[in-house]
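Enquirer: Protein chains in written order, with this note's numbering: chain A, 1 to 118; chain B, 119 to 234.
Hints listed in this document are in silico derivations from the structure and should not be mistaken for laboratory results. Note that the Cβ used here is the ideal one computed from N, Cα and C, for glycine as well. Do not rely on the hints blindly, as some may be mistaken.
Covered, in the sense of this in silico footprint (three residues per stretch, anywhere, with C-beta under 8 Å from a C-beta of chain B), are these stretches of chain A [unchecked claim]: (1) 42 to 56; (2) 107 to 118.
DSS-like mimics (lysine-lysine), calculated; alpha carbons at most 25 Å apart, straight line [said to hold, decoys possible]: (3) Lys64(A) - Lys221(B); (4) Lys186(B) - Lys221(B); (5) Lys55(A) - Lys221(B).
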Amino acid sequence: GAVVSQHPSWVICKSGTSVKIECRSLDFQATTMFWYRQFPKQSLMLMATSNEGSKATYEQGVEKDKFLINHASLTLSTLTVTSAHPEDSSFYICSARGWGGSRQETQYFGPGTRLLVL
Amino acid sequence: GDSVTQMEGPVTLSEEAFLTINCTYTATGYPSLFWYVQYPGEGLQLLLKATKADDKGSNKGFEATYRKETTSFHLEKGSVQVSDSAVYFCALFPDILTGGGNKLTFGTGTQLKVEL
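Could you build all of it, start to finish, from the sequences and the hints given here?
Expert: Set out below in structure tokens:
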């Protein structure tokens, strides 16, 4: 079945550094990729939507200069948290929308990346 | 705009008990409806879905029926196991024909704890 991978699964970094998270769709091409943020015991908050080769569309309140998204190909999107601070610590989940073997477009989720900024 | 309302948790059940997690939605037309499950420390997994009225999605013993008349998509399982302990999210994807956009709308999630 369709799989979305994320790397790394865990990252601990010092305040002020930048962190890059990769999201890949395996075995299918993603028409659209999404980046979510999840705080403990809360639902997912959509941060941005991206299509291959075009600029990401950010949700209201999400700083585009803080969270850089690059959608290099139909199977790869990256989220870079620039100059990370402790308040950026969170669980980041990517999602890819595509056919993935199904007769309908379906949205598949990655396993998430837990970021801890010290 | 679109919205999804789920019953608040946590829901605590004994093993083999019957499970219902309520989900209602607000959206135009006929959105697609989903249940996702999130196990501790992991991302979301698609549990089941239904794309048109009266469809029943089912997987791993879980079922949900798309009820247009009550705008509901309640999740049920006849006999839960300890391994079902997780957070369950109800979600909808807009009806493209009504120009509803391309984003999933999630409920707040319901934590299920199953005890021996």
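Enquirer: Does each hint fit the structure? Answer for all of them.
Expert: Verification of the supplied hints:
1. 42 to 56: Coverage by chain B holds for the region 42 to 56 of chain A (5 residues, Cβ < 8 Å).
2. 107 to 118: Result for this restraint: holds, n = 7.
3. Lys64(A) - Lys221(B): Judged against 25 Å, a Cα distance of about 19 Å means the pair holds.
4. Lys186(B) - Lys221(B): Judged against 25 Å, a Cα distance of about 20 Å means the pair holds.
5. Lys55(A) - Lys221(B): With a Cα-Cα distance of about 17 Å, the restraint between Lys55(A) and Lys221(B) holds, given a limit of 25 Å.
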